[in-house]
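Listed in order, the protein sequences are those of chains Y and E. The working numbering applies: residue 1 is where the first sequence begins, and numbers increase by one. The working numbering applies: residue 1 is where the second sequence begins, and numbers increase by one.
Hints in this document: simulated from the structure, not taken from any laboratory. Glycine residues also receive a C-beta, built at the ideal position from the N, C-alpha and C atoms. Heads up, a few of these hints could be off.
[Stated by the list, open to error] Simulated DEER-style distance windows between Cβ atoms:
| hint | chain 1 | residue 1 | chain 2 | residue 2 | range |
| --- | --- | --- | --- | --- | --- |
| 1 | Y | 462 | E | 223 | 33 to 39 Å |
| 2 | E | 456 | Y | 344 | 25 to 31 Å |
| 3 | Y | 112 | E | 281 | 35 to 41 Å |
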Amino acid sequence: MSRAGRKQPRLSVVIALACALAGWPAAAQDVAITNATLAVGDGSEPVQGATVVIRGGQVVAAGPGVAPPAGVPVIDGTGRWVTPGIFASVSTLGLVDVEGVGDGNDERAPSSPFSAALDVRPALNPASQHVAVARTGGITRASVVGQPSASIFAGQGAIVDLGADADMVTRPRAFQYVSLGEMGARIAGGSRTSAHALLRNALREAREVGRSPEIAGGGGRPPARERIEDLAPDPRLVDTASERRSDVLLSRFDAAALVPVVNGQQPLYVHVERASDIRAVLALRSEFPALRLVLVGATEGWMAAREIAAANVPVIAFPLNNLPARFEQLAATHSNVARMRAAGVTVALGLYSGGTDEQPRNITQHAGNLVALSRIPGADGLSWGQAFAAITSVPAAIAGFDGRLGVLRPGAAGDAVIWDGDPLELSSVPVAVYVAGVEQPLTSRQTRLRDRYRDLDERDQPKAFDF
Amino acid sequence: MSRRLAPVLLAAVALLPACTAVPSERGTERPATAGASRAPLGADGRQPYASTYRAYPGTPTALVGATVFDGTGRRIDNGTVLLREGKVVAVGDATLSTAGYERIDAAGKFVTPGIIDIHSHLGNYPSPAVEAHSDGNEATDPTTPEVWAEHSVWPQDPGFSRALANGGVTALQILPGSANLSGGRSVTLKNVPARTVQAMKFPGAPYGLKMACGENPKRVYGSRGRMPSTRMGNMAVNRQTWLDAREFADGDRKKRNLANETLAGVLDGEILLHNHCYRADEMAFVIDMAKEMGYRVAAFHHAVEAYKIGDLLRDNGICSAIWADWYGFKMESYDAIPENAAFLQREGACVVIHSDDPNGIQRLNQEAAKAQAAGRRVGIDIPDAQVIRWITLNAATAMGIDRMTGSLEPGKMADVVLWNGNPLSVYSRPEKVWIDGALMYDALTRRRPVSDFELGQPGEGDAK
Chain Y
1 MSRAGRKQPR LSVVIALACA LAGWPAAAQD VAITNATLAV GDGSEPVQGA TVVIRGGQVV
61 AAGPGVAPPA GVPVIDGTGR WVTPGIFASV STLGLVDVEG VGDGNDERAP SSPFSAALDV
121 RPALNPASQH VAVARTGGIT RASVVGQPSA SIFAGQGAIV DLGADADMVT RPRAFQYVSL
181 GEMGARIAGG SRTSAHALLR NALREAREVG RSPEIAGGGG RPPARERIED LAPDPRLVDT
241 ASERRSDVLL SRFDAAALVP VVNGQQPLYV HVERASDIRA VLALRSEFPA LRLVLVGATE
301 GWMAAREIAA ANVPVIAFPL NNLPARFEQL AATHSNVARM RAAGVTVALG LYSGGTDEQP
361 RNITQHAGNL VALSRIPGAD GLSWGQAFAA ITSVPAAIAG FDGRLGVLRP GAAGDAVIWD
421 GDPLELSSVP VAVYVAGVEQ PLTSRQTRLR DRYRDLDERD QPKAFDF
Chain E
1 MSRRLAPVLL AAVALLPACT AVPSERGTER PATAGASRAP LGADGRQPYA STYRAYPGTP
61 TALVGATVFD GTGRRIDNGT VLLREGKVVA VGDATLSTAG YERIDAAGKF VTPGIIDIHS
121 HLGNYPSPAV EAHSDGNEAT DPTTPEVWAE HSVWPQDPGF SRALANGGVT ALQILPGSAN
181 LSGGRSVTLK NVPARTVQAM KFPGAPYGLK MACGENPKRV YGSRGRMPST RMGNMAVNRQ
241 TWLDAREFAD GDRKKRNLAN ETLAGVLDGE ILLHNHCYRA DEMAFVIDMA KEMGYRVAAF
301 HHAVEAYKIG DLLRDNGICS AIWADWYGFK MESYDAIPEN AAFLQREGAC VVIHSDDPNG
361 IQRLNQEAAK AQAAGRRVGI DIPDAQVIRW ITLNAATAMG IDRMTGSLEP GKMADVVLWN
421 GNPLSVYSRP EKVWIDGALM YDALTRRRPV SDFELGQPGE GDAK
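Extracted from the complex, chain Y is given alone in its bound form (with noise of 0.2 Å):
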């Protein structure tokens, strides 16, 4: 092959590559994606023909209807698909550059002396490989959380955009993690009797905690706050007078993470696997009333689903479980996110991370997986619309972010990603994805040694010269 033209870096590469790893924020552009297929990700099917436009980092029109405003740069979008970036739910992106090497992976902090209080924020690594792998597969949101190892609990989740720019977070504390069943079980000392009440005891200490008089900015009420990613750092934090009963299990830092669990404005994500700690987990709410819960995992929902969907809980689940890979798991089937969906339940795919087959830019395919089942008998599947929104729309929306996050309507975040094809299907792939307006590099290392490598030839020079 050629080698002509392989030898340097497109400029405009390695101005954007420049530009993330210095910080500077690219500005939105204004873009109209004209005559393309429109998935707008609120689980209706895809329209042809469509228009999308964002002006000012936001979603302005979208729809078969819609003409470009006059000055805004026009992409033709003929032959090819415009959605909202997919948000990928439960993830590690960002904390991790190499699975397998412990120095630089921040997943989980099994030595550490803190449970809920750990916060993914300051180890967020824009520049991770992950990060830039995902979002050219048109990942442009995720939540990420730490998985749990010295306690049940991984911490406190962020809300974060892939955007290549220094600054990941688009809501830090979003979220509080703890795991039950076998994992919590294990990690709690052995028994799922033990991982609930750790949890319990934590919820009632952090309910204490923030009725505690002499704690400043206590009273136990959460302070009025209009949007939950206007929580503040919990005063107790940084106010050195407060003094606890000696009878306590969990850390000043710990119990105060808490306090937003036990009133209700922090969502607290529960990993459980099987139908009776499903159950046990909709159970806490009698004694916690104020719980936001979110089910994480869930592989034996269909079988709690009705219980699930009148507990009004939403579910962040695996796609492709279907083996009894733990006895908390034996039900597990491809089935089970159409069927928790049909009895109700919120249901968006999740729990993607690393490199292997649960890398999150293997998330469309998952999706589509699950639109291939319905034609299988005995299995339940979803539509095509249903199934992308469970990859846009709605894990957004459990995120706290419905209607201005996977969803290409008025007033929505700009993140679109102009595909190839159906982004579903095995071939397509982005070719534009833009984060709050910003068009952003699809490059990584993998573009770059694939580059590299695309001959052997090394007649003139070695290969580390081709860069």
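Given the coordinates of chain Y, assemble chain E onto it according to the supplied hints.
Same frame as chain Y, now just chain E:
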């Protein structure tokens, strides 16, 4: 790492894994079948642990009107495939007579050979992935060519049925894990449920030897203060092992030694070498080691950097058994790119798509399609029918079973998948799967196997 899997399984699969290598489609030499093996017989005069597999009865069947990818790279539109008495009788166009066959209207559907996974741990890392089932790595010594994977396979692993129903997998090679430099013998199975492993063993399939490069052996043993703790230690232990094996092989072989019998089988060319190896530089060393010691590598497994040495792999007739897009989960996988398969194809090197995963084995067709798409985007256009070869005939060739299965050619085993759409589309799934002409899965009539483990459990018999 994964939130899906128990920590126990992760330790087994993701890092400590399970990994290996394959042979070449280019070579004209063919591995000897088991009947030709010089391995010592038992006291009863028979091959030990011989296959007792028997094909189940089938109906003479004509698949009519489908798009046929025959596994060799050929595509037949509006094709006809005839199966009778466990064999492929004929593959042709609409003019082929179907008299005497039960006709299945396959218009709008696709027919391929049964999918073959060259790298699986079903049975030796089965579900549920509890410690009691962790039988893939005899991680007590870095060199254990004496162990045989078949003695670890649990035939009730529910994963076999998922591979059949969702993946159309009709044959698969179960390998020891990659904790050891020499992990032991592999076994090739028919994906037919059975009460014993012998009754799953693919008749006539040669054995393989699993070896492993790189991080896993040196980490597992180095962390115990034992050799090898480095890559040079890996090579030194391997070379001495081969030197000792050569001495055994050149002797009278009368005093039985299980380890050396396996290694001598490799030196004899009767046992195929499957070498887990990620990095290009290490693969190049293994190629030279094979020349130094006088054996042949059938395939490098995982081979995420194979694209850097496609020329070398082509020239040495070694297949690369790879994932479509796994990357960056360990240091030696850091340079993986989705174009790996396409770049190998560009060089004329042999490509096999493998799973090494009980979930991935259910989607080898989708993995192949992703690898194809990555190639297309860099101007390497590989036709669908060629891509199907990556998961059928190329795998069979690397496993030494290509004279029996892997393509739809007259006289070969009737291992066949009828797909309800193009298997390279995400929207397609197997509709029917035959193994030796016997219908083992039928989505429409819900004919699917249920393992003993799943009987009486939640979800028994469900569409999985």
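In rising order, the numbers of the hints this structure does not comply with: Hint check: nothing fails, all pass.
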